[in-house]
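Given chain A, put chains B, C and D with the ligands in place with the hints provided.
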Amino acid sequence: MREGLIRALRGLPVVEFDLSKAEDGDLLEISRTMGLALSLGEMRAIKGHFSRPLTDVELQTFGQTWSEHCIHKTFKGIIEVEGGRVNGLLKEYIMKATRELNKPWCYSVFEDNAGLIEFDRGYLVAAKVETHNHPSAVEPFGGAATGVGGVIRDILGVWGEPIANTDVLCFGPLDLPYESLPPGMKHPKYIYKGVVAGIGSYGNNMGIPTVSGAIFFDSGYVGNPVVYCGCVGILPKELYIKNTKEGDYAVLAGGRTGRDGIHGVTFASADLLEDTDTLRPAVQIPNPLIEERLRRAIISIRDRRLASGITDLGGGGISCATGEMAHRSGLGIEVNLDVVHLKEPDLAPWEIWVSESQERMLLSVPGSNLSDVLEIFENEDLEACVLGRFDESGKLRVRYRDFTVCDLDLEFLYHPPRVTRRSCKVEYLPVPCNVPEPKDITEELLRLLSDPNIRSREEVVRTYDHEVRGCTAIKPLQGDLAGPNDAAVIKPLKDSWMGVVISCGINPFYPDPYWMAAASIEEAIRNNASVGGRRVALLDNFVWGNPEREDRMGSLVRAAEACYEFSKAFDAPFISGKDSLYNESPLGPVRPTLLITGIGILPDIRKAVTVHLKKEGDPLYVLGITKDELAGSAYLRSKGINGGECPKVDAKTSKEIIRALTKAIDSGLVAACHDVSEGGIGVAAAEMAMASGLGLSLDLRDVPSEVKRSDLVLFSESTSRFLVEVKKDRLREFEEVFQGVIHGRAGVVGGRTFKIVGLDGKTWEASISELRRAWRGG
Amino acid sequence: MVRVEVKLKKGHFDPEGDVTARSLKDLGFPVNNVRVSKVYTVDVSVGDEKEAMSLAREMCRKLLANPTKDDFIIEVLTGEGGAD
Amino acid sequence: MVRVEVKLKKGHFDPEGDVTARSLKDLGFPVNNVRVSKVYTVDVSVGDEKEAMSLAREMCRKLLANPTKDDFIIEVLTGEGGAD
Amino acid sequence: MDLERAKACIARVGGTNCDLELKVALEDLGLRTEILHMKEIVKKGLAEYQLLVFPGGFSYGDYVRAGAIWGKEVHSKIKSELQTFIEENKLVLGICNGFQVMIEAGILPDGEIAEVPKAALANNASSKYECRWVYVRVERGGTPFTEGLTNGEILRIPVGHGEGRFLPESEEVLRELIKDGCVLFRYALPSGDAADGEYPYNPNGSVYDIAGICNKRGNIMGMMPHPERAFFGWQLPEGSDSLYGDGKKIFQGIIKYLEDY
Ligand SMILES: Nc1ncnc2c1ncn2[C@@H]1O[C@H](COP(=O)(O)OP(=O)(O)O)[C@@H](O)[C@H]1O
Ligand SMILES: [Mg+2]
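Chains as they are written, first to last, in our numbering: chain A, 7 to 784; chain B, 448 to 531; chain C, 448 to 531; chain D, 42 to 302.
Pulled out of the complex, with its shape left as it was, chain A reads as follows (with noise of 0.2 angstroms):
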């Protein structure tokens, strides 16, 4: 660095920089060597605005709050786009479907920790989700676990008691020769083994129910693994409590500080291009046993409204939750970075500022109830200090060891310049694509449940306690059988009968970004009222490559305009959400990937409706119209072959079928249901037969279809479609509700075997064990 731009302060371990002589090449150097990831417009704007010298907590400062995790600087940036631009992806997309929607049952919205929405008895639901991507891939256990414990925190951070979690993985694919691995880069199977259990260790041993997730396998996914963890809480309405006053102390309770995760935000942005092993500081041991004693001390606390707000720490650790706290209470603060338990002795001030040391919360506390929360973290066996003061200066300032280490203006600090990302069109275009007609269906049925993306989840889902707190009502995995379940219902009152229906959809092989998105909010509403939800609340979560490639972005545009589109076609809003950016390695962009989690209510969980088949002689039903789309199918992608019609969403016609169904759940009228996706009708038919041991014969000349091949009918994934087991003296009253609405009567519960007809009269039968033997492999 040149001469005359940095020198140390008076004795402390720290060091001040002068911009004011800083040329542009120096403003670049210093943001890379201080790891701040911010661009020379960036530092040029902080250059601007300061006529004195900035010290490295302060640039630190900038370098975390002005980072994509915690300013979202992409989805609030403008957008070049052909002919236009778009003046901010949250705000013109995503935020806006829900602002038009103006739902009053959305309580809290893109503004605290997580998603708050109206439940029953004067409680909220709380939703969030996150990924922990890079983490994963550098140290799979911790970072997945990691990653569970962080969500979990956004949920404390808005009050909530956590009910539930939610986990969506996506790795490379697991018979990857290791030859092809570029040095560093971990084996997609043991990320995978290490994920999964760091996902379970750190639910089960939170004692909170892992219900519901998806796990996809693809080598769009060797370089960047993708790994998304939710949580759901509960709260009552009137203890959600965000009113940080003047004058309130600042408490830091739970795990201590130390260097590790130190940078684990610019981390999270850089480009993943470095060998994995030397990225060491971010690797994070996991915790669940501290965060489990915050858990009961937040909640007591809560319950005793002790505090005045609160919030986790989770990128920008300190820095962000402090600066943050104070900026949304239009207040400032005064932290003493003295307090702060550390994990090692000799951390530099900006390390303690900016590290992201798992299992810790902020609060803000009047300080008549300073000593009673003192007490409850006590109690807990739980380290806290008071970290500062809230005060009406509108700054962000910092203490050391007597010094003042960091002045600065929050206002400044929370309005960053605005990126402008340009983007190209992006679209898929059909080609027509040749499949060869099969010539045993039953063969290519087999093949797809053996496929590792449609197989029996149940080896993963037993290490998950989805049964711990024994509010979990419809299990992801249905009886013995283990049948999959489309969404999992908690019931998480006791003088209630009403459950939170939670579900997901996701479709990252479907090529065009916007019907790929709509088809994954059209599923997560589908299997969301398969089991009886309705009233579904939404939460995206993007998982996308360099936003400063042109065709990162234009897909992204593509999509964020679906979710518009498609949230108020189907009259359910965003609540919640997050993007994770920059996911790249050697071996290119991560596959985009849209995570759409739906978390709707039934009324009454008695009424939910699960997959398994429940009586022989019931009559069986396909609802909606099945079409040519075939595009990145299960089907076309077991065989290698691309084109074909992506599937699209007519969603004044899914909402027909969807109202239709939920009156025929209301009614009684359902015995079973399942809905149609990955592996088409097909798979969705030998699900439900595997779930419970009970044969079925299906007719494909009765299935509502504009396909005139036996396997692509069977095999296509035209979104809309359900498969329903209709209670057989109930028969009259469902055709009546749904007439008018697309089904067709095509087939009946019963029999020894799985048993298809085709469109030419020919039967085709397989064994239910058969079936189930290719399912669970083995």
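These are calculated hints, taken from the structure and not from any lab test. In this text, a Cβ means the ideal position worked out from N, Cα and C, and glycines have one as well. Among the hints, a few may not be true.
[To be verified] In silico contact screen, one side only, chain D against chain C (beta carbon under 8 angstroms); selected entries:
| # | residue |
| --- | --- |
| 1 | K159 |
| 2 | A161 |
| 3 | N164 |
| 4 | N165 |
| 5 | L208 |
| 6 | L284 |
| 7 | I296 |
| 8 | K297 |
[Unchecked claim] Pairs of lysine-lysine, DSS-like flavour, derived with a Cα cap of 25 angstroms:
| # | chain 1 | residue 1 | chain 2 | residue 2 |
| --- | --- | --- | --- | --- |
| 9 | D | K48 | A | K500 |
| 10 | B | K456 | A | K349 |
| 11 | A | K733 | A | K661 |
| 12 | B | K472 | D | K120 |
| 13 | B | K472 | A | K195 |
| 14 | C | K472 | B | K485 |
| 15 | C | K509 | C | K456 |
| 16 | A | K53 | A | K97 |
| 17 | D | K169 | A | K195 |
| 18 | C | K457 | B | K485 |
| 19 | B | K509 | C | K485 |
| 20 | D | K118 | C | K509 |
| 21 | A | K500 | A | K574 |
| 22 | D | K169 | D | K120 |
[Stated by the list, open to error] Beta-carbon label-pair distances, calculated as ranges:
| # | chain 1 | residue 1 | chain 2 | residue 2 | range |
| --- | --- | --- | --- | --- | --- |
| 23 | C | H459 | B | L524 | 11 to 21 angstroms |
| 24 | A | P438 | C | L474 | 34 to 44 angstroms |
| 25 | C | L474 | B | D518 | 17 to 27 angstroms |
| 26 | A | D181 | D | K120 | 31 to 41 angstroms |
Same frame as chain A, but now just chains B, C and D with the ligands:
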């Protein structure tokens, strides 16, 4: 036969060691600190010591350890005795 | 400083070792069998080796091992180095 | 004793996490229930309670061995208190991690709070955590915990644990357990026959399919399955029209015992 000990790198906090130390203190032992590691005693079919060593290193790399947080120590056991 | 290795008694089935062996085989290693044990490196404040040894034995009896399934080996480490 | 005067204590330490649902179950049956941290138990003792429960969870992170650290803490902190409690014929129940604690504390199989445990709950034969519903066969009805249950009756209850493989110290310990009628619950096939080690009906590889045992007097019981998760009908995997599930039957026995206490 090789013996692979996998332990947390220096400087990483060891939650299990911490809890164990506390419990031992509670039981009256004059304990300052505990670190916990894992030992895999692997019965491999290989010719010589050198090969066993390099295989064990490969096992650590691929499965048993994570260089981002673990150190490992390999020891080739010769002579009688075996993984029982 | 004492090093306590707690391992399953001879003849006891070791599920973790079993699974590890299977994974290693999956990865192509010529592995016959794996046993997993745990090592506690305990920093104790005691005078001599003998005392350390007897303390460690007591720790095993009182906490570190369950005699129904575990054996243990104690080693007193002398000289520099410590539980990091 | 009048049920209104009876009181249950659910003990907890850091990592305990099945206490709330237990409280819900016991209170649903009209038993006053308090959740007490070990520290508070040390301070105020157990005299005012008639039932002590060690609930499930991951006490102290399950470090060293599941239940070991809490088990030893029982020794160092409340041994004589607990001894008295047991001698007064009050009830002690351990579920899952609580069972592990009781084994490690030496409270079971003997009921004596032995310094060295005579059994172990080793890691599951599958080496994995197992969350699943099992068929539990009642081996001996009519004890305080199986009051109203008949021999051979099958209960549907879920398990959720990584270390639940019951291992007696010796053949002899097992023989004694069987002879004294201390094996209360065994894992079974849906047909009602003993699982005979068959996975997943015996989810962990327990010797003799043991799912739960009691002491000779029958006032101390530990089991791996979670009756509190099968308390209400709606918790059952197949759904149920009845208000309650099989787990309630075990708590019902407790209530009856306390009423007669
Ligand atoms: N891509 C997104 N889509 C929808 N909501 C988002 C998105 N990104 C952020 N949000 C919302 O903005 C709020 C603040 O987000 P964030 O600062 O990331 O929270 P935290 O730091 O607690 O994870 C949250 O409610 C979050 O759900
Ligand atoms: Mg947060």
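#### Entry: Non-conforming hints, listed in increasing numerical order
6, 7, 8, 13, 16, 21, 22 and 26
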